[in-house]
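A.B. asks: Sequence:
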Amino acid sequence: MDYFIKNIVSLLKEKIDLPEDEIKRLIEIPPDFKMGDYAFPCYTLSKILKKSPNIIATELSNTLHAVRPIAEIKAIGPYVNFFVDKVTLSELALKTISEERDGYGNKTLGKGKTVVIDFSSPNIAKHLAVHHLRSALIGNAICNIYKTLGYTCVGINHLGDWGTQFGQLIVAYKKWGNENTHKSYTVTDLNNLYVRFHQEAEKNPGLEDEAREWFKKLEAGDAEAKELWQHFKDISLKEFQKIYDMLGIHFNAFIGESFYNTMVEATVTRIKEKGLTKVSEQALIVDLEPYNMPPCLLRKKDDTTLYATRDIAAAEYRKKTYDFDRMIYVVGSEQKLHFNQFFKVLELMGYNWTNRCVHVDFGLMKFKDGKMSTRKGKVVLLEDLLIEAVERIRKIIEEKNPSLENKEIVARDVGIGAVIFADLCTKRNKDVVFDWDEVLNFEGETGPYIQYTHARLCSILRKYGKPVTTDIKFELLKEDEVIILTKNLGQFSSIIIKSAEFYEPSLICNYLIDVCGSLNRFYNAHRVLSDDEELTKARILLVDATRQVIRNGLIILGISTPDQM
RNA sequence: GCGCCCGUAGCUCAGCUGGAUAGAGCAACGGUUUCCUAAACCGUAGGUCAGACGUUCAAAUCGUCUCGGGCGCACCA
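So for the first sequence, this note's numbering puts the first residue at 6; every next one is plus one.
Hints in this document: simulated from the structure, not taken from any laboratory.
Taking lysine-lysine pairs in the BS3-like style, the calculated list, with each CA pair at most 27 Å apart, reads:
(1) K305 - K279
(2) K483 - K39
(3) K305 - K277
(4) K131 - K435
(5) K341 - K432
(6) K247 - K383
(7) K222 - K180
(8) K222 - K306
Using the sequences and the hints, build the whole thing.
C.D. replies: This is the structure in structure tokens:
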């Protein structure tokens, strides 16, 4: 907590000849709380003073006098360790939480600033599968993290609704789609057509040319092509929305690639005018050789545009529309080169906001035996996973808490929460191997564990039945388990800031695991509700504050917070 | 071939802007419930932090190289 560090720094700066910032930077937290709450390592001084750090620590600690929020100062080996006053600690943390409630953790850091977040962005005409989870969940969490810090967030679903693949789909539809069942087409049907196209195209390469021809028509505004395309899109969006609703994910806008079709011409012209383009192998490119990258393709030899062209147009449009302070693309790391290429083009175009665009990449999700592929039908559908998760939770509820009210709602909240947490809890840049048993494990460091802890706390508060007050004797909150928990709670804000800085929701997951571990250890060691009225009042405040922090954290992750389970 | 990412306990991971004995969970074994939800808690066992060299008072953490795995490298997105 900044408050204590500030005090320690002001004590230290009187005695040692180091800049204030440097002292602050050096302060760390000891590995064991029994060693102190904060520590100042004396290695740096040792170098300057040419004395052993242990001696410096001893001497320094002798000249320092603990005042006000600092209770004790003690040298341990090469460290000067500081013990803070525990009453001040709990009072500060618990009162703040109690006052700020759902707003605890909110900072005004991002006030007046807008962040655009491009996430999920699936391709039309294919099912949402488990490998689509990562972008959707990480993006949603980052959106919530920045909102928590006071930013205005614009979540955009940059649908993959344009490109040669729609030419393929149109060809497949016209050849093998049954016109009569036109209206009841599903994503499954579209997906089958897509798969069939690729099978047939292997035998008959002419199909690819036909597909390109149809995409060209589409890009030129051909009525028939456009009508079919719109139909495919409608079918897909309807299904996507169902899944997003299940996951509780909301977008401010569904603006697919197609939206930029009308702007792309002007974008290409601008790039040309800057003298950045050249024709190579009949395609229009931006040569990135000087930057050790392959060229960025703007137009294919048949004159149609590509992914990168539309991304550049989209970036220009978004800057104009939202005047973002930052734009975050939550897209898999396999597209890193693509982002480096088109960011470079933006930079070459002279846009000074290029460095405000970041590619937040994440590792690939695959099966034990290889990559997931829609084309080969080697996928687990997202809907199936969610349904299975809910189903398994339903069985566990039947077993553990059969008298629970709202079983259906709780099963859904916990099942989906488990899937979300499982995906978010590891650092995003690691590849993940999809394993049913792992995602659907509900014990230990999992979503249900966090939710269970939250539900327990709600239960205590229900039993208590009286209003929670901060008018308590803070000196009663003195046991080790209580102190550790309180210290955890006070770290919430700094965790949010760090997770924003690194675009890393997993930090919040790990933090919540920590808080819940501390809480459960406290819970097992001490009773909250007892005959001792003052003690009960004090512990209830701690319980309520913990409940609040867990709740705020889960909401950021996009996980529901049932108060019974 | 070139570039990027990853390699910590049997498994999944945390720790990585260098610091005090490398931490969790799962799995295994043992224990805790007359009392606030045992989806919990406690204990035992399990590690040459892939390997080598280097920088440093100090390296899982920084650098170089090697090995292993993943991804990407012009008309897909």
